[in-house]
Amino acid sequence: METYLKKKVEIIIEAPLMRRIIEHLEARQVSGYSVFPVLAGRGHEGSWRADGLVGDTGRMVAVMCIVDATELDLLLEEIFPLVQQQIGIVTVSDVQVIRRDHF
Amino acid sequence: METYLKKKVEIIIEAPLMRRIIEHLEARQVSGYSVFPVLAGRGHEGSWRADGLVGDTGRMVAVMCIVDATELDLLLEEIFPLVQQQIGIVTVSDVQVIRRDHF
Amino acid sequence: METYLKKKVEIIIEAPLMRRIIEHLEARQVSGYSVFPVLAGRGHEGSWRADGLVGDTGRMVAVMCIVDATELDLLLEEIFPLVQQQIGIVTVSDVQVIRRDHF
Amino acid sequence: MLQNFIEPALHNLTSPAILFFGLGLVASLLRSDLAIPEATAKLLAVYLLLSIGFRGGTELAHHGIDGRMLAALGAGAALSFATPFAAFAVLRATTTLRPVDAAAVAAHYGSISIVTFIAASNALDRQSITYEGFMVGVAAAMETLAIVAALLIAQRNGAGSSRPTAALWREVILNGSVVVLIGALFIGIVSGERGAALLRPFTNELFPGFLCLFLLDMGLLVGRGLEQGRQHLALPAGLFALGMPLLGAAAGGLLAMPIGLSPGGTALLMTLAASASYIAVPAALRLALPDANPSIGLTLSLGVTFPFNLVVGIPLYTAVAAWIAG
Amino acid sequence: MLQNFIEPALHNLTSPAILFFGLGLVASLLRSDLAIPEATAKLLAVYLLLSIGFRGGTELAHHGIDGRMLAALGAGAALSFATPFAAFAVLRATTTLRPVDAAAVAAHYGSISIVTFIAASNALDRQSITYEGFMVGVAAAMETLAIVAALLIAQRNGAGSSRPTAALWREVILNGSVVVLIGALFIGIVSGERGAALLRPFTNELFPGFLCLFLLDMGLLVGRGLEQGRQHLALPAGLFALGMPLLGAAAGGLLAMPIGLSPGGTALLMTLAASASYIAVPAALRLALPDANPSIGLTLSLGVTFPFNLVVGIPLYTAVAAWIAG
Amino acid sequence: MLQNFIEPALHNLTSPAILFFGLGLVASLLRSDLAIPEATAKLLAVYLLLSIGFRGGTELAHHGIDGRMLAALGAGAALSFATPFAAFAVLRATTTLRPVDAAAVAAHYGSISIVTFIAASNALDRQSITYEGFMVGVAAAMETLAIVAALLIAQRNGAGSSRPTAALWREVILNGSVVVLIGALFIGIVSGERGAALLRPFTNELFPGFLCLFLLDMGLLVGRGLEQGRQHLALPAGLFALGMPLLGAAAGGLLAMPIGLSPGGTALLMTLAASASYIAVPAALRLALPDANPSIGLTLSLGVTFPFNLVVGIPLYTAVAAWIAG
Ligand SMILES: Nc1ncnc2c1ncn2[C@@H]1O[C@H](COP(=O)(O)O)[C@@H](O)[C@H]1O
Ligand SMILES: Nc1ncnc2c1ncn2[C@@H]1O[C@H](COP(=O)(O)O)[C@@H](O)[C@H]1O
Ligand SMILES: Nc1ncnc2c1ncn2[C@@H]1O[C@H](COP(=O)(O)O)[C@@H](O)[C@H]1O
Ligand code: NA
Ligand code: NA
Ligand code: NA
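Residue numbers (numbering that gives the first Met the number 0), protein chains in the order written: chain A, 0 to 102; chain B, 0 to 102; chain C, 0 to 102; chain D, 0 to 325; chain E, 0 to 325; chain F, 0 to 325.
This is chain A alone, in the form it adopts within the complex (with noise of 0.2 Å):
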């Protein structure tokens, strides 16, 4: 079956900016994202667990995104901003898709 090749960008991010940076993937109009939860981590700031937690604060989600290879540059630069500040990692890798019209 053909596939075609596209970027994967995985952002692990504090989850009180899930928000901002899902309100700014959606007025770039990219064609989809999809959120994931992260139980636990550490990072340069430290070591983190989401049990037992009431609010946002102390915990990471993980947003990612597929897009065009011609469009990524453009989304991190972007998004670079919002992360820069904050705690939290972004990486980029390739992934084959079947169904190139959808992205």
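Rather than coming from a laboratory, the hints here were simulated on the basis of the structure. Treat the hints loosely; a few may be bogus.
As the list claims (entries may be wrong) - Computed list of lysine to aspartate or glutamate pairs in DMTMM-like fashion (alpha-carbon distance at most 20 Å, straight line): (1) Lys7/B <-> Asp93/B; (2) Lys7/C <-> Glu9/A; (3) Lys7/B <-> Asp93/C; (4) Lys7/B <-> Glu70/B; (5) Lys7/C <-> Glu1/B; (6) Lys7/A <-> Glu70/B; (7) Lys7/A <-> Glu44/C; (8) Lys7/A <-> Glu76/A; (9) Lys7/B <-> Asp72/A; (10) Lys7/B <-> Glu1/A; (11) Lys7/C <-> Asp72/C; (12) Lys7/A <-> Asp93/B; (13) Lys7/B <-> Glu70/C; (14) Lys7/A <-> Glu76/C; (15) Lys7/C <-> Asp93/A; (16) Lys7/A <-> Asp72/A; (17) Lys7/C <-> Glu76/C; (18) Lys7/C <-> Glu70/B; (19) Lys7/B <-> Glu9/A; (20) Lys7/C <-> Glu70/C; (21) Lys7/C <-> Asp93/B; (22) Lys7/A <-> Glu70/C; (23) Lys7/C <-> Asp67/C; (24) Lys7/A <-> Glu25/A.
Stated by the list, open to error - Some chain C residues judged to face chain A by a derived CB distance under 8 Å, without partners named: (25) Ser33; (26) Phe35; (27) His101.
A quick note: this is a predicted structure, and the numbers were derived from the prediction, not measured. All C-beta atoms, glycine included, are put in the ideal place defined by N, C-alpha and C.
Position chains B, C, D, E and F with the ligands against the provided structure of chain A, taking the given hints into account.
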């Protein structure tokens, strides 16, 4: 440590379909699969969020399956009719595994 | 935007082992890790579902760790004895990150 | 009769459950980040189904089974099966929906909303109006038959993909909420007075509180649904979502009279017929009619019909029921 | 004595808690999609542990501590440590299980199922049979000692991998459920009458209702486990899962007599000895004996012994206890 | 007065809620794997907010609104706005915190901890000390104003990044916990006696039990926070976290006197002023002052001030309030 190249198939699909996808994977005797929760997302069919939902509708799950490259095409062709009419996306990427015989 | 190549290690492992894996990662001073929930799955040891479970048995979690390629082999060799006898899988893939110094 | 409606309607509006629904709706429309986790929403739903089923069962055990029960079950089944045909005809005549979408929407309106049923029985409890215990069974019977009708309609109109399989039927009939509802009903019947007394603090005394929490969540969902589905609220469809419950309630009332249901039971049958599914049916339709756009039916049933019934419908049907069955 | 068994046994069968267990089991075997989210199941478990521990503590504060308590704790510890040796011997003699698997299964049966204990105390409450408050402490004492025994057995039989580390012991002893149970017991002792009165609606009145919800979930799990582990239910092992609880109950009853436990306390000690762990032990064994196949012990203890004790065992042990300690 | 403190303080220490907090703390420090799932913790939080708000509302409806309410709201607002300036000055004078970090910590102490408020009102209930229903409204009013003050401080000191946007204000003001608290307050006012009676088993009788569960979770969080943030507990900052609540309580007491609050109301205003936010403020600051290190404020407010208030502060403020307002 020696690693072996495999293909990672990720299917984000409406939750009511999950059971069918899984039954399909089990019938094919793939070596395994894992299902991940998704919290929120947006695609062609609009945006959604899991929180507050009582039933399975309006919510997606992510099914991940590591297969041999030789099995990939067959798997995609068999899964395609299941996901074609439904809300969802399919991506494929390269991964290395450490226990070849496991997959 | 400039990106840098790293390795992404994903370990799907029985939940009772999670703490040991994490303590191990922390002892090694890897720059960070993230733990993701898994809802259901199937492998050599049969199929499982998280819902309804009260304890940690019979359930898997996914530990993800982004490391430098130079650290990969050491990490895999250290983790292998931990996962070898247990239920679980380890995969490695390439990712690009945007903040090199972060990892 | 108007008086019999206005006073309970106002009373209904100031009931905590309705007010918490309103709070959720307002919070959602103002885009507050208030959210009830999915696991919690599911716990509340199981609790409500378990309690309403169990209480119905103990009622039934107390009052015994009679011919009216079978008649009511039959009436419910008939309503559930016939309503989609009527709804489909109305939708095709008044809207531009594709046949498959009209069939899907019709399935929602033939089936029922158990939360609406629960809110109605809670309102009756608050007014000390009794009702037949078997009405819970009628609710269960009405859940899934509408899906059969909708599939028939879709096939006849060349819109259904393939024949529904045995797997589909199992998925529809063994839907978790139906299983809890019917199961708890049977358990209520079997465990009798002693069991009922043991569980009363849980199933009865906590009920209004948990219902408030659940309706807070429903308010949040309705607000979100209205925002995301607003393009489906254009006039003919929007009117359908307000008119169809009245039509359904009328049919329910007409069937209740010959059966001789009590005023409370009549109000519940009207409410069931007036209500539209937004949990079980949408999930089943994603399997049975994947081509149908899921957000149309959901927006109409959850976004319009559900709040309409909650706020206006239930006191209205109660007043009419008191009048025709009183 | 038979009469003293049959009537309570039937009564037990029609108790809501057992019926909800059956509902979950049937729903699962019919492959309904009914599911209790993990977070909810954990909440219910913490609630039950907290309530049973706290109630035991207030009982204890009320009746005071006496020598029987220490004797009962010692008896529990002895049972927990000795049972795995007996179970291992039986398994090696009658089945083809590998030593490491037999040791792992043996650990399940030496430890206890706190849910079975809770169901038993609920059944006693319903029959207005009192029991010693310290029995909760006995339950806690029996939770983990069996794991020690199993590790010794495995090592002796060349099946244990390496010596258990301090980390392992901490993980086993500070297991969340043990901490809640013992912690709530102490809190119950300290907070006395006033605290007990304050929490009564929560810890006592809601208890039967939450137990129903929890057993519904357990029914779902048992059904799923039976399906997934059916290959382990072949004859010798299956019989072991039915016979071992009877052996354990007998040993528990014999030890209860010289201690002078009340009939209720005797029934609980028998139940504890008869029950097998399916939460704490399997988790600890994944760390301590990773080579053991986890699904054998789980299938036997959760799939066979748990429902057997729930339905047949508890009324049986209660009847025997009334006879030997009455 | 000392006597009036010591007895309730000891009584407080043996209340189940405080003991469960201690259990969680100990379990966490011993590194037990005990954990309350996030969805459950959120459910408990919504339950507590809903109940305390609703109960305040029904109180308010009963006693009516008077000038003291407006005065108390004004006093609360003034405290919330002024405290961060005082806290900032103290922190800059005594610690080496960067301006942006000091401003962030100051925001925590200007705002309030609703859980501390709930624990205080629970302690008053247990001592049968009444308080004004509108104190819940005062709590809500104090939640967010401190954030405004902190942003002003940060900007003046060249530490705030950019001007707070309208989006930020909406996120801060429509924070889920504020919405539930104020919404439930209004619903309590509107639904009156009948609604209150209906919900009493849920909002009142279960309250102490759910509070125990919630404080168990808070104990776990505090233990975890202490471990992860121990580098922020060095002397000047650690002392600040103990001294600032006393300063706040004094200010609260001074403002309560001219208003003529009851002893219970005075104790609550002191508690509010003494408490520091660890839920709403940290989340808002991640949006408003992302440069600030989030773990400093959280460690001080959750790790030190919260347990201090819970164990020592609440009985102390209650004793002082009885003395100055009695
Ligand atoms: N090397 C890594 N591998 C995987 N996840 C990471 C890594 N570094 C950071 N993270 C995740 O990103 C979060 C924020 O990282 P940081 O900004 O470094 O504190 C952490 O809490 C982890 O959940
Ligand atoms: N470009 C994308 N990147 C990440 N997730 C996506 C993307 N497009 C779709 N999805 C996910 O797949 C779901 C279904 O997509 P769709 O069928 O386009 O509505 C969405 O709700 C998202 O959760
Ligand atoms: N081929 C696979 N693809 C995706 N997940 C897998 C695969 N094999 C195993 N897993 C996951 O890893 C768990 C343990 O695998 P196993 O040790 O083979 O039983 C399974 O329950 C799945 O959740
Ligand atoms: Na209907
Ligand atoms: Na045992
Ligand atoms: Na304060």
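*CA of Lys7/C to CA of Glu9/A, is that 20 Å or under?*
12 Å, holds
*Under the criterion that the straight-line Cα-Cα distance not exceed 20 Å, is the pair Lys7/C, Asp67/C satisfied?*
Holds, because 9 Å separates the two Cα atoms, which is no more than 20 Å.
_Check the hint pairing Lys7/A with Glu76/C against an upper bound of 20 Å on the C-alpha distance._
28 Å, violated
*When you check the alpha-carbon spacing of Lys7/C and Glu70/C, does it fall within 20 Å?*
11 Å, holds
_Satisfaction of hint between Glu1/A and Lys7/B, Cα-Cα up to 20 Å_ = Satisfied, since the Cα-Cα distance of roughly 16 Å is no more than 20 Å.
*If you draw a straight line from the CA of Lys7/A to the CA of Asp93/B, is it 20 Å or shorter?*
13 Å, holds
*asked:* Can you confirm whether the C-alpha distance between Lys7/A and Glu44/C stays at or below 20 Å?
replied: Violated, at roughly 31 Å.
*Holds or violated: Lys7/A with Glu25/A, Cα cutoff 20 Å?*
Given pair Lys7/A, Glu25/A holds - Cα atoms ~17 Å apart, limit 20 Å.
*Does the nearest C-beta of chain A fall within a distance shorter than 8 Å of the C-beta of Ser33/C?*
4 Å, holds
_Lys7/A and Asp72/A were given as a pair; does the straight-line alpha-carbon distance stay at or below 20 Å?_
12 Å, holds
_With the threshold set at 20 Å, check whether the alpha-carbon distance from Lys7/C to Asp93/A stays at or below it._
13 Å, holds
*Would you mind confirming whether the straight-line C-alpha gap from Lys7/B to Glu70/B stays at or under 20 Å?*
Roughly 11 Å between the alpha carbons, so the hint for Lys7/B and Glu70/B holds.
The structure shown violates the earlier hints numbered 6, 7, 9, 13, 14, 18, 22.
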